[in-house]
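Chain order of the listed sequences is B and X. No gaps in the numbering here: position 119 of the first sequence is 119 in the numbering used here, and each next residue is one more. Add 1000 to the 1-based position in the second sequence for the numbering used here, that's all there is to it.
Each hint should be verified, as a subset may be incorrect.
Said to hold, decoys possible - Straight-line alpha carbon distances no greater than 27 Å define the calculated BS3-like cross-link-like pairs of lysine-lysine that follow:
| hint | chain 1 | residue 1 | chain 2 | residue 2 |
| --- | --- | --- | --- | --- |
| 1 | B | K20 | X | K1056 |
| 2 | B | K66 | X | K1070 |
| 3 | X | K1070 | X | K1002 |
Said to hold, decoys possible - Some chain B residues flagged as far from chain X (calculated, every beta-carbon gap over 12 Å):
| hint | residue |
| --- | --- |
| 4 | K55 |
| 5 | S83 |
| 6 | I93 |
| 7 | E107 |
To be verified - Rough simulated footprint, nothing fancy, chain X against chain B, three-plus residues with beta-carbon under 8 Å:
| hint | stretch |
| --- | --- |
| 8 | 18-27 |
| 9 | 67-77 |
Calculated from the structure, these hints are not laboratory results. Quick caveat, the model's predicted, so the values are computed rather than measured. Glycine included, C-beta positions come from ideal geometry on N, C-alpha and C.
Okay, here's what each chain looks like letter by letter:
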Amino acid sequence: GAVVSQHPSWVICKSGTSVKIECRSLDFQATTMFWYRQFPKQSLMLMATSNEGSKATYEQGVEKDKFLINHASLTLSTLTVTSAHPEDSSFYICSASSGGGGVKTGELFFGEGSRLTVL
Amino acid sequence: QKEVEQDPGPLSVPEGAIVSLNCTYSNSAFQYFMWYRQYSRKGPELLMYTYSSGNKEDGRFTAQVDKSSKYISLFIRDSQPSDSATYLCAMSKSGNQFYFGTGTSLTVIP
């Protein structure tokens, strides 16, 4: 299947600093990318949807100034957690979908996830 | 009512058993259906993708979609301890918005 790479897989930072997480589709062009947050033993919580070249659409309750999402190209989306605090510690996962390039419409592929720990 | 309902389990079976995982949904417009396997602290891995109704088989895995009943299933034959994970169902109307079940936790006991 198609590959979505997410980096870094694990990051520890000090409170007040910003952290950037990258999500790349390696073998297809991702017209839409999604960012999720997942707490232990809980399901995925959609944070935002981003389409290449346009502003991300955030879910209700997600602070767009806190979680900056950029989808600058068809293969790269970034999530920046600004002024991180310990309550932002979580597992962040991206996913990507496309309607072409060998990826079927409706197929959704996930990155490996990034574990953020804010001290 | 949630768009997608999935029994969270946990489900525990002996090695070699046949596992049946299910999801129901309310929106008849869904036409893309997927099953994912997620190991602890990893991103979900796409196991099965089905468009519209019918069955699909891949090795020990079989996915079934019954649109008339709004019900999808994933069967795992000859289950192995390595199958122990959380299984998520997902579906979409047009491929640009996805709805997920809460996940079923499966443990296969050697």
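Okay, the hints, checked on the actual structure:
1. K20/B with K1056/X: violated, 39 Å
2. K66/B with K1070/X: Violated, because 38 Å separates the two Cα atoms, which is more than 27 Å.
3. K1070/X with K1002/X: At roughly 13 Å apart (the allowed maximum being 27 Å), K1002/X and K1070/X satisfy the hint.
4. K55: holds, 16 Å
5. S83: At roughly 25 Å from the nearest Cβ of chain X, S83/B sits farther out than 12 Å, so the non-interface label holds.
6. I93: violated, 5 Å
7. E107: violated, 5 Å
8. 18-27: With 0 residues close enough to chain X, the hint is violated.
9. 67-77: It is violated, with 0 qualifying residues against the three required.
Hint compliance for this structure: hints 1, 2, 6, 7, 8 and 9 are not met, and every other hint is.
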